[in-house]
Amino acid sequence: MMPENRFSTSPLDPLTRRSDGENVQTRQLVCFTIGDQTYGIEIRTVREIRAWSATTSLPNAPDFVRGVTNLRGTVVPILDLRARFGHGQTEPTKAHVVIVVAIESRVVGILVDTVSDILTVAETEIRPVPEIGGAAAQEYLDGLITQGDQMIALVAADRIVAPVLVH
Amino acid sequence: MRTQTAKRRNRTARKTSKATRALRVILAADETDVIALKRRLEAAVAKDRHLAIDAGAVAALTTAGVQVLLAAAASAEARHVQFRLAAGGPAMIDAFGELGLADTIASWLEPAENSRVDDAAEA
Amino acid sequence: MDELDELKQAFFEEAEEQLSDLEAQLAALAESPADAASLNGAFRSVHSIKGGATLVGFARIADFAHAVESLLHRMRSQQLAVDTAVVALLLGSRDLLHDLVRAASTGADLADGAEAIFVRQIDSYAGRPILSQNPAPSPQRLVRLQLMPAADYLARGGDPRRLFAELRRHGALSVVVDTSALPPLEALDPGAMHLRWTMALETAATVAQLRDVFAAQARADEYEIVDCGSPAAAAPDSSIAVSSADVQVSAAVVDPDAAEPPPAKGDKDMSAVSPSERDTAAIAVEDAIAPIVSSIRVDLDRMDKLVNLVGELVISQAMLAEQLHALPTGQFPQLARGIEELSRHARDLQEGVMAMRAQPVQSLFSRVPRLLRELSQHTGKRLQLVSSGEDTEIDKTVIEHLHDPITHMIRNAVDHGIELPEARVTRGKPPVGTIRLVARQAGGRIIIEIADDGRGIDRDRLRARAVEAGLIAQDRQMSEEETDNLIFLPGLSTAAAVSSISGRGVGMDIVRRNIQRLGGRVMIRSTPGQGAAFYMSLPLTLAVLDGMVIRVGGETYIVPLANVVESLRPLAKDVHTLVGGGDVLSVRGEYVPLAHIGGMFGVSGAVRDPTDGLVMLVETDDGGRIGLVVDEIVGQQQVVIKSLETNYRAISGVAGATILGNGRVALIVDVSGLRARMGGQAYAPMAEAGARAQREQR
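Protein chains in written order, with the working numbering: chain A, 1 to 167; chain B, 1001 to 1123; chain C, 2001 to 2698.
To be clear, the hints were calculated from the coordinates, so they are not data collected in a lab. From the three backbone atoms N, C-alpha and C, an ideal C-beta is built for every residue, glycine too. Please note: incorrect hints may appear among the correct ones.
Stated by the list, open to error - Pairwise CB distance ranges, derived in the manner of DEER restraints:
| # | chain 1 | residue 1 | chain 2 | residue 2 | range |
| --- | --- | --- | --- | --- | --- |
| 1 | C | 2509 | B | 1084 | 30 to 38 Å |
| 2 | B | 1024 | C | 2191 | 49 to 57 Å |
| 3 | C | 2189 | B | 1024 | 20 to 28 Å |
Please put together the full structure from these sequences, using the hints given.
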């Protein structure tokens, strides 16, 4: 009945010590997938991760706003990130995941396909988004990270959520 | 006769310019620095014979601020400086009202346009 | 000599000086009526005497000084001409003041009623004072309080306003300030406290309770509490001069001919008794008079948390109940009974918790007399207040948000409704305008009325202005009531500012929006020439709503019960489609526009033909009606209101959200918003619909 709560995360200190004793700026990211692309979102914004459960639709909402859901007594809007990126609507099942983030004291859920793991990357590993990616990429992403042969796109949580929260 | 006419014309002229001549003391939205407020009012009272206090922008007025304004009004009176409230604001009214000073604010109101008061002060 | 005697001595000396100044100033005024400096000086002299008298407890002197002061005030704010007659009256009054002070200083008695003649004359100049015809019925008594903060009071974090606000929670408070200790500006230490206050509190609280209030905010030597017994016994003598008062002037003032109890004696009792004796006397009085009120102070945050928890509890038990329905009936009778009991307990608990937060609307009404006094002074209109239902209770959070709307509506009534005294008399009305303030419970909601007996709404002018502003179409047909309620459209009406002091006017549209935010409704009804009345309907509490649960397509919505008129299954012959699009339903001769929620909200699978579903007739704030086309009515339920705006934003046509027993979110419909969205269609010319229907019938 109530959606189960699979993970709980808490923000950690971004500074870690390297083996040679130097302090480096790092970021901790929660990694998730949409289709076959992997993304990362700063753990500092993430409140929890839940399995998908049916939402109540909102009248006259943009196509990427799936509706609202009950999060332990609070009404929380759910954004379909695939649709936000303009790649069509998600057909969510119980296997899909909602990442609940807190942006400027508002709580919003982001619908993604799966959550893979939590990654720590050094600030220096984050590359800027190339212009060739297009305007959408520039708007929604903060950078790119290479892990082995995988490219992870760093998501700008506040810019993704912003239009929803217009007063 | 000429003298009289001139006097009358001057009186009218002085009357209109008097209305605009008051030194306008504009209070800020936050007047919690009462020491600064006191200095400003002291300077104003020493400077001009007509003061118009504009408190329209005041968003927060403490009891200390109210005291300073009261003392300024008393000082002004002692020096025969006209002390008027050109614009109040909800913050000021609330502050004065809660402290039992609603009548005081009423007495500081700008007099009406065709005021005999202005003429008299002039005379 | 104890401190009070010293103060009194100081008062006598000071008063002698002021009185002789006053004599000089009045003499100057008699010579040249335009002498503003003398007029102001006279005002200040009387004001000082009043303040001093209040501080040392010479209420009779203070009262009379107040009357004289009001007269002087009217003169210097140009409401009254300075002529020989009024100056003569002032000189006579000055002499009487002198006699009163002399009598107090020598301990002699001055004949009762000596002031009455003067007061009557002063009243005839100044107009009748504002009075309430409904004095509070509860067992209240008048307690006199004094606050004499030490110089470091502010530095210690003390705040007189905070203290006064606390005191106001216990009853109506009137405050008189003593500024005599205020040094001149150059010598002023701005961080030090130089003001003192004397207060009168009409309250049912005990002296011990009041002492608690003070003890939390001031040192023991900075305050004093004196109990003066019940207001009736104390009569005009113990009523503090009504200057910046919240106190509704008691019935005693209404009839100046009533025999006054020996006032001088009363004065002496106050003055002769030493502080400790007074306390004992006060305690004795407290035991005798104080009602058995025991209460406990609770932190508001804790209360809110409790209310939320109870709300969640109600939702949880609703979920359990829902699950129970899914089980085969009869299989688990114990379980069923248990859950039913749980539901009952949860509901009782919720009611109890809500009741804890409920407060009488008295605190809203108590500010009104002062507001009327200000308005009366600024506009020159004469006003009186009649109020009832002060003990009607409403949730604390709702009350806090009502202060502004009520103030604005009263301003609006006085500015635009009540006429000047001369105009009223010409129309055969009494020169004093009446503002009526009523609170009552009706149908699970609180109704607050603000009525005036002024000129009512000028419908033609209002309509013309609305057309001019482009807010309505030139040919739009409206009922009288709808026309009156145009004042709630932006830009058409303000609770106007008549003086620079009240700042900008606030539009009625903002007032309505704020009331709607509370889940309330407001409308106006007017009778031209006779008056108008604002009607506010408010939920008992912000958190909970009685609603009708409806289904549209696959979605569930809640319609607030307060808006629901009736539900019907329409017949095909009663449904008509208009030329410009949109359907109307004929209901007992009236044509009601239909709102297809499914279409408006983008819900798939919703019933399209009204005859396939149901029509729920609902009423908006201004009395307009629309019919909601729904698939089915699921039931009636009390729901806990959740905010949509906290994490998302406002949606037009949606008032909020709630969580149903199945854990799903359901949106609450905003009927007025829906109607606004329907736009022109909702206001389709009724004549056209009627004519068309007639044609179809033939």
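Tell me the hint numbers this structure goes against, listed in increasing order. Of the numbered hints given earlier, the structure breaks just one, which is hint 2.
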